[in-house]
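Student: Sequence:
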Amino acid sequence: MKYAFLFLLVSTLTCVSAQTVDSIAIKQVDSLIKFSRDLTSKRDFDKALEVNAAAEIIALEKLGKESAAYGSTGYNHGRISYAKGDYQEAEKGYLESKVIREKVLGRLHPDFSMTLANLAILYEDMGQNLKAEQYYRESLELRRITLGANHPRYSVSLNNLGLFYLKIGKLLAAEPLLLEAMEHRRVFLDSLHPDYQGSLINLGLLYNKTGQYTISEQYYLELKGILENNNKTNLPEYANALYRLANVYANMADYKKAEPLFLQTLQIRESTLGRDHVQYVSNLYDLGLMYFYMGNYENAWHNIQQVAAFYRRNELTETSDYVKSLNVLANIAYYARNELDTAVLLYTQVLAILEKNAGKDQSDYASTLENLANLYTYRENFDEALPLLLESLKINEAVHGKNHPHYALTLCNLSLLYQSTEDFQRAETGFLTSLRIFETTQGRISSNYSTTLQYIANLYTQTGQTELADSLYAELSDINKLLAENALTYLSEQELGKYIDLYVIHNDLILSFAFRHGGKRIQSACFDNSLFYKGILLHSSDRIKRKALSDSLAQNTYLELRNCKRMLAAQLSKPIEEADSQFVAKLTQKANTLEKALSSIATGYSEQKKHVRWHEVRQKLKSNEAVVEFVRFRYHRNSLTDSIMYAALLLQPGASQPVFVALFEEKEVARLLQRSTANDNSATVPNLYASRGVKPLHAYNLSKMYDLLWKPLETQLNGVKKIYFSPSGILHRLNFSAIPTADGKTLSDRFELVEMGSTRQLVIRTQIKIANNDVILFGGIQFEKDSASQNTELFQTSQFRGELYFALVDSTLRGGTWNYLVGTEQEVNSIEKILQTAGMNTTLKKGSTATEEAFKQIGVNNSASPRILHIATHGYFFPDPKNNSQESVVRSHTEPVFKMSDHPMLRSGLIMAGGNAAWQGKQTLEGREDGILTAYEISQMNLSNTELVVLSACETGLGDIQGNEGVYGLQRAFKIAGAKYLIMSLWQVPDKQTSLLMTTFYKKWLENKMTIPDAFHAAQKELREIGLDPYQWAGFVLVE
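Residue numbers for the sequence shown follow my numbering, beginning at 61 and rising by one.
One or more of the hints may lead you astray.
Pair ranges (Cβ atoms, derived) [stated by the list, open to error]: (1) ASN441 to TYR357: 33 to 43 angstroms; (2) ASP336 to GLY419: 26 to 36 angstroms; (3) GLY419 to GLU282: 34 to 44 angstroms; (4) ILE275 to GLY419: 47 to 57 angstroms; (5) LEU232 to GLY419: 14 to 24 angstroms.
In the EDC-like style, the derived pairs of lysine to aspartate or glutamate whose C-alpha atoms are separated by at most 16 angstroms in a straight line are [what the hints assert, rightly or not]: (6) LYS227 to GLU201; (7) LYS1081 to ASP809; (8) LYS782 to GLU812; (9) LYS163 to GLU126; (10) LYS893 to GLU1067; (11) LYS87 to GLU121.
If you are wondering where the hints come from, they were derived from the structure by calculation, not from laboratory data.
Quick reminder that beta carbons are idealized off the backbone N, C-alpha and C, glycines included.
Whole structure, please, built from the sequences with the hints as guidance.
Tutor: Here you go:
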């Protein structure tokens, strides 16, 4: 008994001693593991592995291989190796830990499910998706059993498995998991907890990927609101929220909301991370991609080039992000730059990288296949294109499902191929399916829905189903106007012009259909389109200016914009080699930003934004009046032709709808204009079209013009006395009043013709606040400087020119010096007397006082501009150098900008006092204007109280003619400045006859109390009746 007791005692003491040793060893292992984790967080991975190895030795020697502590060292080895990027070692450590923990702790222990969860993450990153899914699901189930559905780790497992499914494209499987995780976190976590915010991000991402953009928006707006309400707007998390929300809006094609969010995100990340950080570059990519979809290819190319350069610079040329940048560059090369071989090379490179990295079953691979197929379709290599499109469609169905915009886009492109190969049944089925998907996912007012509608209408036209096509084209017109109207509220003029170009092809198709087939709805749609698009940029500028001048909040922004544009004008007026290109780019960007801010403010200016329809114009007509909207369009017949056609849209008071009248092909009129300008050196139609010429039309050609332009309208004009009309394209060159009729008279003998920029002005009248009866007259101008400042030597411009510079001009274009116009002094003297008799307050600027400085003082500091502004001087216009074929006009870095600029508003203007010095390159007074007043400078003035501007000068109606916008030159400048009526000349009119016309006009207006249009037409009629040839009175036109 004694021995037995002694043995028991010894055994007990040994056990206590062993427990003490085990406890110490466990604490040592735990301490070393904690230390290694601290080292890992500092990215000192090698030291962390050494410390963990020491823990392994203690656990192995003191506790044995089959111990929980040894299992923890294996787990920690896997964790450190994963952080280091050594996936093989990480797998080894995790698997060893898994075996030990399952045996020692059991499957229901939390540490075992933790090991499975980390193995799942590892295998996901290794691309072993089957193993990853297995361990994610097993970990989730174990945590549900052991921890319960309310435990934070269970929601983590839900979230991780949902994200895994999201990543591999199993979107339907991801949704319930992510929703359950969110539901749990709403109950148990504060909204500032990272896991709560993480769930908002993940669900936003899911619904963005599934095309359910409004739901995605709700989650991201919630996240944004949480951060803003808690003053977290300077944190990276806030930038991330803005970035994700911007992507949603971009996918919704709501660029007005997307762009400012992208730009704000870029600003935050540049200030916190720098430009050479991957998150900044990621933002830049998405902004560039959005610009591509907006049709702003220049900005898109610039942004994406920077992105690609970053990845090359950092040797990341096999990453998915680099591949995306190459893909976008390839798209721009194909769609915007027409560099097809470059595009094929880039697409092929992208496909090779994608397949090598992740195989073919991915969205990016499908979209690249599609882009390459579209290129082959464009080249009519249909046999090469078809299998690529079918493969892309199959991948999109597997990745996104059949009710997704990506699937619909691919189906659209496949249907276009079927249409090209005349498989019309398959084409129709595909288009209609795509249209339904876009309507469901993006809504009817979206660019994808609009484009698909156009495809279907084209198909029905090609297959002879014209009634269906007529209805679809009318619907297309309405949708496009709503899209463009939205763009008016946030784009600058430059950006808006590029955006509107996206819809020009739609309008050409609609007009081509009407030209061939007519149709009940299409004729009304064509008229409405003309009312909306004609002069849309000018109309937008006017809307912004009027809002800014009437809104104290907008006024400061508007004044800043004007100052910015003045500085920009000074830079643009320099020779190319002297201009500060970086400063120009900075000013241009600033002007763009200010314009967009003003555009958003002016959204509420309802009268200027109003969308006028044809029946509203009809209501403004009296019984003997009619409206004619002339339209110009590229002609399509199944495909684009090389013909440019003209038509007239005629509307009368009792008409049930407008009448579409087909007219002529542009080259028919161009030939007449070429023959009429025998002394014009222009050799090509484009140059003639751009410059509008300076010579009057011969009577023979005017007669032919009647046959082409007016005779087709005659049968529709019985009983009409007054016609409001709006020209288009080459018709801006003509004075319709002088066109002879079949009976030997002129159109002005038969009709009272009122020319307008757009006949929507009958509904939305330009409201001029007559603030005074002031008149400023410029005439009898001395173009030479006074003798005290004469200097005949050429000078270095950067030292002497003042604000703007105009250097040497080729003598073939400048004609030496500008001569003093004796008749203009007599003209303004005579007109001043008439005006004073009528009670007007006149200011006469003559000789050396008629300076550019004096002109620019008009309307400064929001002072009221004069009611009448009469300018009798020389005008100039240089044609677009890209279209000029004269050998003497060669682009040079030392050429003056007013001759070689791409900006037409810098290539036209007026010559003021002392202008000959700058014109010839002689010295001008330092700190003074040089006497060359450009249209661009005039456009920045405030003439909003001016009822009438008279340009009694040679060729003041000249300018580039650009699409729907009409003439870019002096007339546009004065319209932007705010004047209501403008009288200008289309060609050189003799001095004597010009003075006679002007004095006669003022007498009839002010003494006979006629309206301005009636007085002008009466003055021209009087000159015609006293026997003057048309070229002596028809050179001047009145435009409202």
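Student: Work down the list of hints and note, for each, if the structure agrees.
Tutor: The hints, checked one at a time:
1. In this structure, ASN441 and TYR357 break the distance hint of 33 to 43 angstroms, their C-beta atoms being roughly 25 angstroms apart.
2. For the pair ASP336 and GLY419, the supplied restraint of 26 to 36 angstroms holds, since their beta-carbon distance comes to about 31 angstroms.
3. Checked against the hint of 34 to 44 angstroms, the pair GLY419 and GLU282 passes, with Cβ atoms roughly 36 angstroms apart.
4. Checked against the given bound of 47 to 57 angstroms, the beta carbons of ILE275 and GLY419, roughly 30 angstroms apart, lie outside it.
5. For LEU232 paired with GLY419, a C-beta distance near 21 angstroms keeps the hint of 14 to 24 angstroms intact.
6. Proposed proximity of LYS227 and GLU201 is contradicted: the alpha carbons are some 21 angstroms apart, above 16 angstroms.
7. For the hint pairing LYS1081 with ASP809, the CA-to-CA distance comes to about 8 angstroms; that is within 16 angstroms, so the pair holds.
8. Pair hint LYS782 plus GLU812 holds up; C-alpha atoms about 5 angstroms apart against a cutoff of 16 angstroms.
9. With a CA separation close to 8 angstroms, the supplied pair LYS163 and GLU126 stays within the 16 angstroms bound.
10. The suggested pairing of LYS893 with GLU1067 holds, with an alpha-carbon distance near 12 angstroms, which does not exceed 16 angstroms.
11. Taking the CA atoms of LYS87 and GLU121, the gap is near 14 angstroms; set against the 16 angstroms cutoff, the hint holds.
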